[in-house]
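So the sequence shown is numbered by my numbering: it starts at 3 and just counts up by one.
Don't read these hints as lab results, they were simulated from the structure.
Here a beta-carbon is modelled for each residue, glycine too, at the ideal position from N, C-alpha and C.
Treat the hints loosely; a few may be bogus.
Claimed, not checked - Cβ pair distances, simulated, as ranges:
id, residue 1, residue 2, range
1, V281, R109, 53 to 61 Å
2, S64, D273, 46 to 54 Å
3, R31, T111, 18 to 26 Å
4, T111, D258, 36 to 44 Å
5, S169, H18, 13 to 21 Å
6, S260, D103, 48 to 56 Å
7, S64, R247, 30 to 38 Å
8, R102, A218, 43 to 51 Å
9, E223, H287, 18 to 26 Å
10, E223, R23, 27 to 35 Å
11, Q59, N22, 16 to 24 Å
12, A218, G14, 22 to 30 Å
Stated by the list, open to error - No more than 25 Å apart at the CA atoms, straight line, and that leaves these computed lysine-lysine pairs for DSS-like:
id, residue 1, residue 2
13, K142, K183
14, K122, K149
15, K131, K142
16, K149, K131
17, K142, K122
18, K183, K149
19, K149, K230
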Amino acid sequence: MNGVLILDKPAGMTSHDVVNRVRRIVQQRAVGHLGTLDPSATGVLPLVLGSLTRLAQFYTSSEKIYEGVIRFGFATDTYDAEGEAVSEAQLPNLSLQHVRDAAAAFRGTIEQMPPPFSAKKIHGVPAYKLARKHKDVPLKPVQVEIKEFEILECDGERARFRARVGSGTYMRSVAHDMGQKLDCGAHLESLRRTTVAEFCLSDALSLEDLQLSAQAGRLEEVFFHPRKLLPQFPAVTTDEETAARIRSGRAINLLDLSRARQVKVFAGQRDLIAIATRVAGTLFHPGIVLVAEPVPQPQNRQNGR
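Make the full structure from the sequences, and use the hints.
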């Protein structure tokens with residue numbers, strides 16, 4: 003079973019928990035995700051199944067959109083509501099304009115310190131494992147891009163925001179750093195991811211809906227349409243002879259796509275069989291074959307084998 007599923011991750015589950023649950027539902031081991039979400043966060047979690055797990059390499063730098071709430075008044079050790087307070091509680095009374103002025107400093111390309119409770123590796127060990135043991139977590143700041151960061155509302159103690167960010171951005175760190183900038187402490191109270199690359203909440207389904215679809219034998223109906231994958235690549239539909247060449251890993255000529263660097267190759271409307279890369283001129287090589295040529299099965303003979 004090859005396809006892409008867009009799930010609306012519930013709070014309280016890790017992304018790996020969701021993958022394991024989906025493996026049981028679809029009865030298939032080859033399931034992966036396209037970018038983790040913190041256990042307390044909800045929203046868009048794209049999953050790739052079967053041979054389409056090979057598409058994950060194209061989503062390592064995907065843009066993401068979040069909505070959430072920052073609570074001002076105290077910081078936590080995890081930078082979110084799951085952690086323990088590490089600063090004395092205050093009762094801030096921040097104005098909307100005051101918070102918006104502070105948010106302006108976080109737009110653009112900035113240096114950001116990852117949270118100590120994160121999956122960042124330190125000498126091969128995830129930072130959160132060191133933090134849980136109360137060991138020193140010597141993280142270094144990384145460069146991230148926050149393309150949009152809009153404060154929508156503020157009631158004096160909480161601010162609701164929307165952010166469009168590049169890969170690797172921690173909204174928990176943004177909340178924590180906002181608290182430092184406003185000198186009152188802060189943490190991320192809630193977070194919901196609404197978009198990852200071309201995948202949106204309108205495409206997502208719950209784990210319960212996925213379970214019902216599987217029980218009804220309608221799993222393929224809830225897959226993300228393969229024609230909508232990787233919209234930055236043009237698509238071409240081949241005939242049976244060309245599709246056979248591609249499945250066996252042989253180069254093909256695509257006369258109308260001489261300016262494209264990579265193309266999606268389909269056999270029919272929904273069967274994405276390869277991502278081909280231009281070698282020279284109109285010659286394309288299927289560097290990533292998603293559906294290989296079937297191997298003929300030997301037939302049993304009546305008398306002997």
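Status of each hint after checking the structure:
no.: 1; hint: V281 with R109: 53 to 61 Å; verdict: violated (41 Å)
no.: 2; hint: S64 with D273: 46 to 54 Å; verdict: violated (24 Å)
no.: 3; hint: R31 with T111: 18 to 26 Å; verdict: violated (39 Å)
no.: 4; hint: T111 with D258: 36 to 44 Å; verdict: holds (38 Å)
no.: 5; hint: S169 with H18: 13 to 21 Å; verdict: holds (19 Å)
no.: 6; hint: S260 with D103: 48 to 56 Å; verdict: holds (51 Å)
no.: 7; hint: S64 with R247: 30 to 38 Å; verdict: holds (31 Å)
no.: 8; hint: R102 with A218: 43 to 51 Å; verdict: holds (48 Å)
no.: 9; hint: E223 with H287: 18 to 26 Å; verdict: violated (33 Å)
no.: 10; hint: E223 with R23: 27 to 35 Å; verdict: violated (19 Å)
no.: 11; hint: Q59 with N22: 16 to 24 Å; verdict: holds (22 Å)
no.: 12; hint: A218 with G14: 22 to 30 Å; verdict: holds (27 Å)
no.: 13; hint: K142 with K183; verdict: holds (19 Å)
no.: 14; hint: K122 with K149; verdict: holds (22 Å)
no.: 15; hint: K131 with K142; verdict: holds (17 Å)
no.: 16; hint: K149 with K131; verdict: violated (31 Å)
no.: 17; hint: K142 with K122; verdict: holds (10 Å)
no.: 18; hint: K183 with K149; verdict: holds (20 Å)
no.: 19; hint: K149 with K230; verdict: holds (24 Å)
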